[in-house]
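From first to last, the protein sequence lines are chains L and U. According to this note's numbering, the stretch in the first sequence is residues 1 to 290, in order. According to this note's numbering, the stretch in the second sequence is residues 1 to 412, in order.
One or more of the hints may lead you astray.
[To be verified] PhoX-like cross-link-like pairs, simulated, lysine-lysine; straight-line CA separation at most 20 Å:
| id | chain 1 | residue 1 | chain 2 | residue 2 |
| --- | --- | --- | --- | --- |
| 1 | L | Lys78 | L | Lys170 |
| 2 | U | Lys218 | L | Lys47 |
| 3 | L | Lys170 | L | Lys204 |
| 4 | L | Lys248 | U | Lys266 |
| 5 | U | Lys266 | U | Lys218 |
| 6 | L | Lys197 | L | Lys226 |
| 7 | U | Lys218 | L | Lys66 |
| 8 | L | Lys197 | L | Lys170 |
| 9 | L | Lys248 | L | Lys66 |
| 10 | U | Lys50 | L | Lys78 |
| 11 | L | Lys78 | L | Lys66 |
| 12 | L | Lys204 | L | Lys47 |
To be clear, the hints were calculated from the coordinates, so they are not data collected in a lab. Since the structure is predicted, the reported quantities are computational estimates derived from the model, not experimental observations.
Below, each chain spelled out in residue letters.
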Amino acid sequence: MEEISYGSARRKRLITNTVVYVALSILAIIWVFPIIWVVLTSFRAEKGSYVSTFLPQSYTFDNYVKLFTDTTILNFPKMFGNTLFIAICSCILSTFYVLAVSYCLSRLRFKMRKPYMNMAMVLGLFPGFMSMVAVYFILKALGLSEGGLIRLALILCYSGGAGLSFQIAKGFFDTIPVAIDEAALIDGCTRWQIFWKISLPLSKPMVVYTILTAFIGPWVDFIFAKVICRANADYYTVAIGLWRMLEKEYIDSWYTCFAAGAVIISIPIAALFMFLQRYYVDGMSGAVKG
Amino acid sequence: MKKKLAVLATALMSVCLVGGCGSTKQSVPKDGEVENIRLMVWAPSEDQSKDSGEWLRKCCDAFAEKHPEYNIHFTYGVADEATAATTVAQDPDSSADVFMYANDNLTVLTDAKAAAKFGGIYEQEVVDTNSQTIVDSLRSDGYLYGVPFTTNTWYMFYDKSVFSEEDIKSLDTMLERGVVSFPFTNSWYLPAFYIGNGCTLFEDGTVEEAGVDFAGEKATDVTNYLIDLLANPNFVVDADGAGMAGLRDGSINAIFTGSWDAGSIKEILGDNMGVAQLPSYTLNGEQKQMYAYAGSKAIGVNSSSDHMVAAIQLAIYLGSSEAQRLHYELRNVVPCNTELLNDESIANDMLVTAQNNTFNNTSILQPFVSAMSNCWTPVENMGKGIRNKTVTHDNADEQTQAMNDAMNSNGL
């Protein structure tokens with residue numbers, strides 16, 4: 001009797017596992033499907049935006065070559081450079097803002113602490129692009145809406161509001177025992193040294209998370225870039241460039257290049273993630289042990 | 001002492017204010033004096049790319065040479081005709097002095113008071129060198145708001161090896177001979193059938209109060225025709241580039257699009273490429289002509305330009321026969337200057353002929369009254385409804401009426 005029930009339990013588990021794995025595999029395929037399709041399209045040799053077959057009939061690398069060499073109408077390399085520059089600068093700035101603000105709100109006690117947190121909460125409820133028109137006119141009044149200063153304007157846009165999104169990082173800092181800070185204070189550390197030499201090394205996963213989100217935001221943004229760049233094609237970012245490739249004049253000859261561009265812009269994000277991932281895992285395995 | 005200081009400060013401030021005003025005023029140079037000016041010009045990137053001959057820079061340089069009284073510093077920006085008007089209207093102060101726009105955006109510009117009016121000799125010159133219809137497409141309340149440089153419409157591209165000159169006169173004959181694709185779910189194209197059977201938009205396109213008349217038996221008949229058309233095995237709905245793809249692999253023999261696709265189609269069909277005005281279609285045994293929406297593309301001048309005279313002169317030059325000829329040679333932009341159209345080398349161009357025939361014979365001026373913005377989605381939904389078979393012969397009547405109601409309401 002016992003043996004039979006043991007066998008049926010195993011069989012039951014086997015069936016459950018099979019069902020679960022099959023379901024998960026199907027979901028995974030559905031989920032990865034569009035990405036594979038974009039990658040395939042980027043290597044498609046047939047032109048045009050629409051093809052009747054799922055798999056390309058022939059493959060080529062020309063779409064990537066065209067993307068980087070045919071720069072007279074849509075200058076992708078330049079847009080890529082612009083975006084990379086803007087994203088890196090605003091990533092550094094806003095990571096610093098977020099971490100500094102979170103640290104202050106977690107460790108320091110001052111009069112405006114509660115009001116500031118409430119205000120940030122309320123402001124956070126509004127979508128950012130609501131202020132877009134105002135932001136544009138302020139930048140224009142400061143003379144930042146023309147020429148090379150557009151890059152600066154975009155960096156300011158993307159990093160300026162970072163201090164409001166401290167919630168997650170503050171939550172993380174709260175989990176690090178204050179006793180560590182106190183010990184450091186007794187040893188003669190300044191607040192800055194505690195932040196820089198003790199809290200940050202203990203919060204690698206949080207730092208990584210902040211860097212990733214701070215980089216992806218400006219990297220994929222379309223609305224602000226479109227409003228601020230207007231007719232200054234020299235300062236377009238990739239999001240505007242990819243959008244233009246789908247306009248009716250370009251779509252037929254640029255569609256496969258659009259797919260190639262989409263693959264290429266995913267590379268910096270993927271690279272950043274892979275590089276930072278090991279810290280992510282390290283951090284997750286427990287920072288404050290021993 | 002304090003009082004004196006205050007007086008001094010006030011005086012200083014008022015001087016600054018006057019000075020501020022003075023600097024925005026246009027200084028009128030004396031005879032023989034060269035005026036230093038800055039002009040910002042926006043055009044599509046193709047007009048500025050080296051590969052297609054830098055039309056804009058060449059024209060601007062030529063203009064500067066013709067006008068020694070100005071010492072012009074040009075600044076170029078990229079804005080295509082479809083979006084330039086919106087961008088200018090958003091912030092005229094920091095937009096181009098001279099820009100190119102499609103006439104369906106004229107109300108966007110006039111609502112924002114962003115476009116300069118052309119008058120006097122400049123207006124006369126535009127009127128003299130263009131057909132009445134084109135000039136009308138740039139008028140609002142009697143004022144002229146730009147210099148036209150090309151027409152903007154769609155027509156038919158077909159494979160000459162499949163259809164004869166005689167076949168292409170009727171859509172139904174074409175469907176017997178080969179496969180035809182039409183952007184059925186695109187509301188820039190679909191009204192062609194309705195307008196063909198007597199449906200009207202704002203009477204002649206200018207009377208906003210008159211509303212849209214896409215109702216009654218004449219419209220229902222067309223809906224029924226379209227349902228049958230979709231069921232025809234030789235008919236393919238062109239959406240998301242399906243028509244072009246079909247032309248490429250040979251499964252489709254005729255598509256409806258405009259000059260922007262001409263280059264790609266030439267590459268596919270080669271010498272077999274045919275271009276023609278719209279065919280007619282057979283409704284209840286009668287031949288009905290299809291009518292496309294047509295408009296123009298024009299060069300506009302910013303009403304807040306600091307150098308109005310020079311800007312208007314530049315606009316006139318960019319729309320002149322000389323600049324249009326260069327535009328045609330470099331980028332195949334179909335000219336609209338009446339003299340130029342009589343020029344043999346241009347008149348023999350198949351694409352020019354087709355575009356102009358369409359403009360003159362088988363199109364209506366696309367209305368640019370504000371209420372026109374309510375007319376796009378209902379027609380698109382009708383096209384999609386027929387394709388998805390939710391609009392059938394049984395409910396064609398009420399669905400057509402619903403479309404008409406939606407076109408006449410602002411959705412609020």
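Quick rundown of the hints versus the structure:
no.: 1; hint: Lys78(L) with Lys170(L); verdict: 37 Å, violated
no.: 2; hint: Lys218(U) with Lys47(L); verdict: 41 Å, violated
no.: 3; hint: Lys170(L) with Lys204(L); verdict: 14 Å, holds
no.: 4; hint: Lys248(L) with Lys266(U); verdict: 17 Å, holds
no.: 5; hint: Lys266(U) with Lys218(U); verdict: 37 Å, violated
no.: 6; hint: Lys197(L) with Lys226(L); verdict: 40 Å, violated
no.: 7; hint: Lys218(U) with Lys66(L); verdict: 50 Å, violated
no.: 8; hint: Lys197(L) with Lys170(L); verdict: 17 Å, holds
no.: 9; hint: Lys248(L) with Lys66(L); verdict: 19 Å, holds
no.: 10; hint: Lys50(U) with Lys78(L); verdict: 16 Å, holds
no.: 11; hint: Lys78(L) with Lys66(L); verdict: 14 Å, holds
no.: 12; hint: Lys204(L) with Lys47(L); verdict: 46 Å, violated
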